[in-house]
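Please build the complex by placing chains Y, R and E on the supplied structure of chain Z, with the hints as guidance.
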Amino acid sequence: MILLAFILFPLIGAFLAWASAAVHTSLPRWVALLVMLAGLILAAGIWIQPEPASIAGADWRYVYHQPWMPRFGISLSLAMDGLSLLMIVLTFFLGALAVLVSWDEIQDRTGFYFFNLLFVLGGIAGVFLVMDLFLFYFFWEVMLIPMYFLIGIWGHGHRLYAALKFFLFTQAGGLLMLLSILGLYFVHGASTGVYTFSYAELLQTPMAQGTGRWLMLGFMAAFLVKLPAFPFHTWLPDAHTEAPTAGSVILAGLLLKTGAYGILRFVLPLFPEASHAFGEWFMLMGAIGILYGGQLAYAQTDFKRLVAYTSVSHMGFVLVGAFAFNELAYQGVVMQMITHGISTGALFMIAGVLYERLHTRELEKMGGLWAALPGLGTITMVFVMASLGLPGLGNFIAEFLILAGSWQAYPWIAVLAAIGLVVATVYSLRIMQKVFFGMTLREFKLKDMSLREAVMLLPLVIAIIWLGLFPQRVIDTAAKGAPSVAFQHKDK
Amino acid sequence: MISPTTAGLILAGILFTLGLISMLIRRNIIFMLVSVEIMLNAAGLAFIVAASKWGQPEGQVMFMFILAMAAAEVSVGLALILQLYHQLKTLDSDEASRMRG
Amino acid sequence: MSTNDLLALLPIILLCGASVIAMLLVAVKRNHRVMHAFTVAAFIIALLALFRQPDNMPYLIAPLFVVDKFALFNTGLILAAGLSVLLLSYNYFEQREERKEEYYILLLLATVGGLVLLSSRHFISLFLGLETMSISLYGLIAYLRTRERSDEAGIKYLLLAALSSAFLLFGMALVYAEAGTMDFVGIGQYLKGINEPPVAVVAGFGLMLIGVGFKLGIVPFHMWAPDIYEGAPLPVAAYIATVSKGSMLVLLMRFYRDVNGYDYTILWWVFAIIAMASMFVGNWLALMQRNVKRLLAYSSISHMGYILIAFLAGQEAGQEAVMFYLVAYVITSIGAFGVLALLSDSINDAEMLEDFTGLFWRQPWLAAIFTAMLLSLAGIPLTAGFIGKFYVVAAGVSSGLWLLLALLVVNSVIGLFYYIRLVAVMFQPLEGVPVRKRLPFFGVFALSALMVLLLWLGIYPSVLIAMIRDMMLSMG
Amino acid sequence: MEWMYLVPALPFLGALLLILFSGKTGKAGVIAIGCGSIGIAALITIIAGWQFLQSDIPAYDQHLWEWLRVGDFSIGMNLRLDALSLAFTFVITFVGCLIHIYSTGYMADDPDFARFFACMNLFVGSMLMLVLADNLLLMYLGWEGVGLCSYLLIGFWYKDPENGAAARKAFIVTRVGDTAMAIALFLLVQHTGSLQLSVVLERVQTLWNTGDPTVVWIAFLLLGGAVGKSAQLPLQTWLPDAMAGPTPVSALIHAATMVTAGVYLIARTNIIFSLAPAAQAAVAITGAVTLLLAGCSAWVQTDIKRVLAYSTISQIGYMFLALGVGAWSAAVFHFVTHAFFKALLFLGAGAVIHALHHEQDMFKMGGLRKSLPGVFLVFLIGSLSLAAIPFISSGWYSKDQIIWLAGVTERGSSWYAWAAVLGAFITAAYTTRMMLLVFFGREQTHVHHKPGPEMMIPLYILAICSTLAGFLELPHTLGHFAWLSEFLAPVLPAPAVLHADVAAEWGLQAITAGLAALAIYLSWRLINAPFPKEAGAFLRSGWGFDAAYDVLFVQPFVRVARLNRKDIVDKIYTGLAAITRTFHRMMSSTQSGILRWYVLGVVMGAVLILSVIIWRHSL
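Protein chains in written order, with numbering that gives the first Met the number 0: chain Z, 0 to 491; chain Y, 0 to 100; chain R, 0 to 475; chain E, 0 to 618.
Bear in mind the hints are in silico, worked out from the structure with no lab data behind them. Note that the structure is a prediction, hence the values are computed from the model and not measured. We put the CB at the ideal spot given by N, CA and C, even for glycine. No false leads were slipped in.
As a list, the in silico BS3-like pairs of lysine-lysine whose alpha-carbon atoms are at most 27 Å apart:
| id | chain 1 | residue 1 | chain 2 | residue 2 |
| --- | --- | --- | --- | --- |
| 1 | E | K158 | Z | K446 |
| 2 | E | K565 | Z | K364 |
| 3 | Z | K444 | E | K23 |
| 4 | E | K23 | E | K158 |
| 5 | Z | K364 | E | K158 |
A short, non-exhaustive set of chain R residues, derived as facing chain Y with CB atoms under 8 Å:
| id | residue |
| --- | --- |
| 6 | I123 |
| 7 | F126 |
| 8 | G138 |
| 9 | R148 |
| 10 | I154 |
| 11 | L157 |
| 12 | A161 |
| 13 | L162 |
| 14 | A165 |
| 15 | F169 |
| 16 | A172 |
| 17 | G179 |
| 18 | M181 |
Okay, the calculated bits of chain Z under chain E, using three or more residues with CB under 8 Å as the criterion:
| id | stretch |
| --- | --- |
| 19 | 231–238 |
| 20 | 319–333 |
| 21 | 402–409 |
| 22 | 421–427 |
| 23 | 433–439 |
| 24 | 461–474 |
Extracted from the complex, chain Z is given alone in its bound form (with noise of 0.2 Å):
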């Protein structure tokens, strides 16, 4: 029943939010920040109390179950662990910051904008907790229709483009998760006689090994895409950069967790077999990623845009890690899901201060501003830093594990991920140059971080901190969540 809480709690909140802006335009906000904070406080009370006794054998901590279509083997059922957990956490998280993000920077058609923010995150806790692949499925649908509008309606010049393309990009790649789903379906009713999608009933699905790699393919194609990885990565600078802060902090810190959450989830324990027939490529897929990633991030002259392609290349370590099947590189993947969606919605929310102040989001145009903004300065530095794998900050916890842990697995693409680091090295220092040192091209007069500013970035750095000084919380969560296969050392 407290799993549905974390669902509803931002559906209605939606439309409360909506209905709330007849009466006051500043009303919505407000039900939006106390929504998020709500099920803030659930999900970290549920985290901070003890672990309780797994229910059934697996190492859920809560499961909720309900049928809906019996036809099909549809039902409605939900179950918590530390993995999923640590996902909904993040969600509230970042749900509330974004929020607060969207405070000042939304002005117009407030209700409806907040309608579509809760909306999609409720979406997005929906596909942390599900436990059927249809309602996965159904899920990972409904998320992309708010997410849209907030891109097409709020978002900046090429919004429309930026806005479509995500959808078109995604919804393909679902299609196809579509399809693998009720292959498998279908698959395990033939061998068992039991149609259904309960991910429970799935997990011990015999199937021949050509069917189980061609499921596994589709599934990878709505993940992939999600991730993004390259070469299905093109969605990700146009959406990023188009959209409000708000929605670019929820797409890097949230949405594209969820094609990796679906990896460790879905395609790791469902297709062992073919995981491990692939692996090696799609690892070697992710080392391009981060290389390629980077460099099209050091050519970009948008702030956003190159931030957009730090994602890239970020995502790319938690592919090179999903696939290395060794507990160092899962704790390193969950480390870098965490992470990564702390430091680039940072860096977001820090380019949406300057576009606030300066109007502009092109690189030349800023620079010298350190003298102005100090203290936005010494945060910048913190999350560039972080995202070039600084020690003692989160990031670092995350690659070093999964460089270690792939290392194990692929001693050549680790090699190649590593050198990834160099990369990450001269264009986050880039970001540094262009915006707080050099020139000052116009003395500018502008003030510092605003108190709701301040408080919006000082948590993200408090927690990247926590996480690089503290991670074994984390790790100790995350470890039950494992799937078993992910520890397979492969036989070579």
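Quick look at chains Y, R and E alone, frame taken from chain Z:
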């Protein structure tokens, strides 16, 4: 030596094809209407032939219906053509192509 | 004819009677409101009549009709569709034509034709139903005499429909010549009797397919669709898109099952090719289309393609999928056309993309409904269209039509493009203060009902699914 | 000793406070926090060191908290105080403290006073983490941390893009080395399943026997990290540019402490290197070559700080040479003395530059021995050490030990020794040149204000230290006294000397001294002698490494970036879209609206279907 049924069907087929061709080559709407009628009657003929083969009444019944339907069609059609002529001042079907793309 | 026979055919008989009375009403006094009310009443009564049915299903009325759950369900569907079209029509015609009354008579007659098709099991009844519907459609399409596009559409439809029915008839004749019987089951038995069907029969089927395909508006018999949709009054367009296509599809299913057409790989392939062609051609044509009416026409072509995939999947899953998709499609199409109808003013219809700019900020509720309809057409969750597409894909996967499904995926992505583009237009911020125009109660009510239905089916389809299943199982 | 965690903690705390209250606290507050934290840290170090010397434990471990544990792989936030780390910690805190005090004068009129001290504290903290870490991952943390601070401080005057470029160069070049080091860590994790130094070093011996390829790889990769940080070939290019930072920074980071991190790393992991002869030889050769090349470059510089920078590279080359021949403690010894006299030289140079209003070109100086006698005195002491003048300079004791051991240890060779001797000659030469140009000859730029006490006192202290530090170790020729090596013995094994021959050592020392004297004489005579231009330019540019790297790595990357700014991959998708649109155009042309055309469509369909059916049927 082909059976009378087959022969009849072939005749119907020829009629049908003639109607079809004339419908393709005629631009005057009225003539197109006429050629459709020919095709319908060809179909009717085919029914008659079939019915006579089996010695059943259904074929003839069907033919009746076809005639009735053809009549109705012609009446409605002519009315419409009249309307169209008022607007286009021509019966050239190719002129009636204001909706495209 | 026994009372049971009459009971079984009650809906048809009622509508026939209604049409006669309607003529008399017109003769007595022209009054749009009365006329409308009367027709609505007639439809409602016909719907109610569905519940007074003989118990021994399927009920055979030799040789022309059979009334079974399948027929009943679709009768209900068609009547409901007709009813909602009616509700949308009143305002539309009120502000246009001076002689509105005959419209209702024609609508009644067309519906009668459709109902006949649904329960016909014989070439003759098939032909009768088809022609009754077509001929009244000529009138309906060309109803707005003052608009030249209207009668251009009418004449086009007339000639092409006649052409197609000529093909259909010739095909029937060929089959009859070989089989010696005109009722479906008989033909089926005849085909069972002989191991290899003679070329004439298969060719006959092929020719009949042309007639059917024309009504369904599938490639390559689709070309009329956009022009007719554009030229016809909006309610009529909705009617063609749903009632005529729906009844024809039902007939096709019944016929195909009775003659167990799934045994003929040739026909299967013909249908498969047609399905692929319809999907692609429909979507490609719609891609950059700026006229919403035409866009909907093209999209309906591609949707027929999707339905055909389910149809080809065969088995019970396939049949169920077709039925469910049909229901979803009917709701969605009427909804979409309905929105257009409500937005149209007395001079011209709201059909160009520009007419929808910033609609969401002018008419939020209408825009929301239209968005829901479009998303349903695109197959996005929370709408019936999603479940429908899911059902189709499921059917396809279960019988392993991977190629067709792959194409379906490609096409739904293409389709998404133009649906979303339309949505985007509606949400464009518009400059200046929006001018709100009053909306007729009935229309809004009907549309809202449709949307509720759409969402309900999208979120909790189990009821409908169960119904369809039970119906299909009863057919065996 | 239980307060040990405060040693790194205090500087971090100071840095944190300075960042949080940047600008709120006045200059006095900044000084109090900045110097205070370091000072206390230094005190604690001395106390801890004293206790450590009293107790006879080999090492004192302090467990703070568990950093991360995945499965059976676990890393703790643990500090380890042993002889080696104590030596480094002492130097870092002590010299660091002095330099902080000096900076209060040097940076007095800089608007970003607070930021400067924040970064300096951050640096000291990270450096202490580096040396106190008991596991390689924590060391890596410090390792990267100092890199960050070096970046921040080189680019401290951010307004000038030049400085920014230099800072980025420093960070990126060292990052290349760090990546190699990281890979070494992965290898260790894979094979030893741990990164805790004690565990690793102990397992390494059981895992591999000498010369095993894996361990050689590890050693080489570690070396990669070391050369990056310590600015040895081939990654030395960043250090000269790093002089863009304020002079105290150069003194602390780029002379005394950070750049010797590589030395520390190799000394720490000496067991691994002694298992990998090839790698150790590489270390020695790197050192030898570097000290020669850098020496030559130093010889022709015009900027006083660049002279010192190149000389630093060259001196660290000596340390590497020592490590390479297994003379671990000798390397550390040279590190200590070098820390003192090079810091002294830099600060002295800083005083000069400060006095001459940020003039760094030596040819614009001259005759300063009268105007700045104090500075001249300390600078002279420093130079004597650098030039390794026998008996009276600490530099001589440490460097001579290296030269001697380079020849006689089992891993050593006479080539190394001769290279070192030659290096000594060059060193003496460029030191003298620098002295002459700066302090002798006629005055060219007027001194506009003399350094205050807060700058001079640290100089004096350092001067004393850089004289006395030499007596920690006396060569065999002077009644062999080896306090430092014995102190370090538990961590660093004594060099395996093959043929200890006092006579030979005398001879070598004589030669070295003679060459030094000769160098001084020559440079004094030839100070104004013309020098071949191209050669000069070539050497001045550091043997053209920068140009080479620019062509090999930088340009290609930048070119690719410029070419592929708009993500070519995207072309695939836009292409697909274009194709679809073409189909749309083709299709919509069929919808001509002409009736007969539609009829034709139907007919075509009919023909198609029929022909298909009949064809298939006839088969």
